[in-house]
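Novice: Residue numbers (our numbering), protein chains in the order written: chain A, -6 to 107; chain X, 79 to 194.
Careful: at least some of the hints might be erroneous.
Within a straight-line C-alpha distance of at most 35 Å, the following computed DSBU-like cross-link-like pairs (lysine-lysine) qualify [what the hints assert, rightly or not]:
| no. | chain 1 | residue 1 | chain 2 | residue 2 |
| --- | --- | --- | --- | --- |
| 1 | X | Lys91 | A | Lys49 |
| 2 | X | Lys91 | A | Lys61 |
| 3 | A | Lys49 | A | Lys61 |
Where chain A lies over chain X, by a calculated footprint (3+ residues, C-beta under 8 Å) [claimed, not checked]:
| no. | stretch |
| --- | --- |
| 4 | 94 to 101 |
| 5 | 141 to 150 |
Listing some non-contacts, in silico: residues in chain A with all C-beta distances to chain X over 10 Å [stated by the list, open to error]:
| no. | residue |
| --- | --- |
| 6 | Gln(-1) |
| 7 | Glu51 |
| 8 | Asp52 |
| 9 | His65 |
| 10 | Pro107 |
It is worth saying that the hints were derived from the structure and are not from the lab.
For every residue, glycine included, the Cβ atom is placed at its ideal position computed from N, Cα and C.
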Amino acid sequence: DQQVKQNSPSLSVQEGRISILNCDYTNSMFDYFLWYKKYPAEGPTFLISISSIKDKNEDGRFTVFLNKSAKHLSLHIVPSQPGDSAVYFCAARGSQTGANNLFFGTGTRLTVIP
Amino acid sequence: KAGVTQTPRYLIKTRGQQVTLSCSPISGHRSVSWYQQTPGQGLQFLFEYFSETQRNKGNFPGRFSGRQFSNSRSEMNVSTLELGDSALYLCASSLTLLAGGYNEQFFGPGTRLTVL
């Protein structure tokens, strides 16, 4: 039972344009959401997070939006750069399931075309 | 500061065998979590250890087990391997456990296990 879903396995964007990666979740008890980036042969690296009490969090070129009523979050990358090409994982955590028990989506492979 | 290290990086086993994977967390980190990554399921939480005690467990059969040593290094063991156990096994370390909070987890590069 996939509680966190990333329905787009891949996304291609032109350099300089906006990349929008989407994520849906089903568990209303999730209270913290994260995005991780993964390059081949490396482990995922933390990118940005958002608490359920917020609807937006920004860090440089990366912004995460949370729509709790729709159980949807998205990651915006502006402007996209070739070095952003990687697999992006959305993850969620519920305080009841344990502090570090993260539920991950299946990932979206972003390709930024120079 | 050295990152999370995992050994071995690649492993090939046959059905029915058992395997032990090792994870060394970042120096000073006391919490270690294990995840299984497969193409269809993404990353799935296996278990978490803190101060040599299992604090949390995912929905995996008892063939999957782990332990943590006093120096915070952790091992996971899979017994009676099945073809479906072929996956990338990722270890993540964090500084500590926060009740109700979240500590950033730092992932290792993973161990690629292939079961033939």
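Novice: Hint by hint, note whether the structure agrees.
Specialist: Here is what the structure says about each hint:
A distance of roughly 46 Å separates the Cα atoms of Lys91(X) and Lys49(A); the hinted pair therefore is violated under the 35 Å criterion. For the proposed pair Lys91(X) and Lys61(A), the alpha carbon gap of about 44 Å is over 35 Å, so the pair is violated. With a C-alpha separation of about 11 Å, the suggested pairing of Lys49(A) with Lys61(A) holds against the 35 Å cut-off. Given a C-beta distance limit of less than 8 Å, the hint that chain A covers the stretch 94 to 101 of chain X is violated, as 0 residues qualify and 3 are needed.
Closer than 8 Å: that is the beta-carbon criterion, and the stretch 141 to 150 of chain X has 0 residues meeting it against chain A, so the requirement of 3 is violated. Non-interface call for Gln(-1)(A) relative to chain X: violated, since the shortest CB-CB distance, roughly 8 Å, does not exceed 10 Å. Chain X leaves Glu51(A) outside its interface by the beta-carbon criterion, the shortest separation being 18 Å against a cut-off of 10 Å. Once the 10 Å rule is applied to beta carbons, Asp52(A) is consistent with being away from chain X; the minimum gap is 13 Å.
No Cβ of chain X approaches the Cβ of His65(A) within 10 Å, the least distance being about 17 Å, so the stated non-interface status holds. The beta carbon of Pro107(A) is kept farther than 10 Å from every beta carbon of chain X, the shortest such distance being approximately 27 Å.
Taken one by one, the earlier hints fail for this structure at numbers 1, 2, 4, 5 and 6, listed in ascending order.
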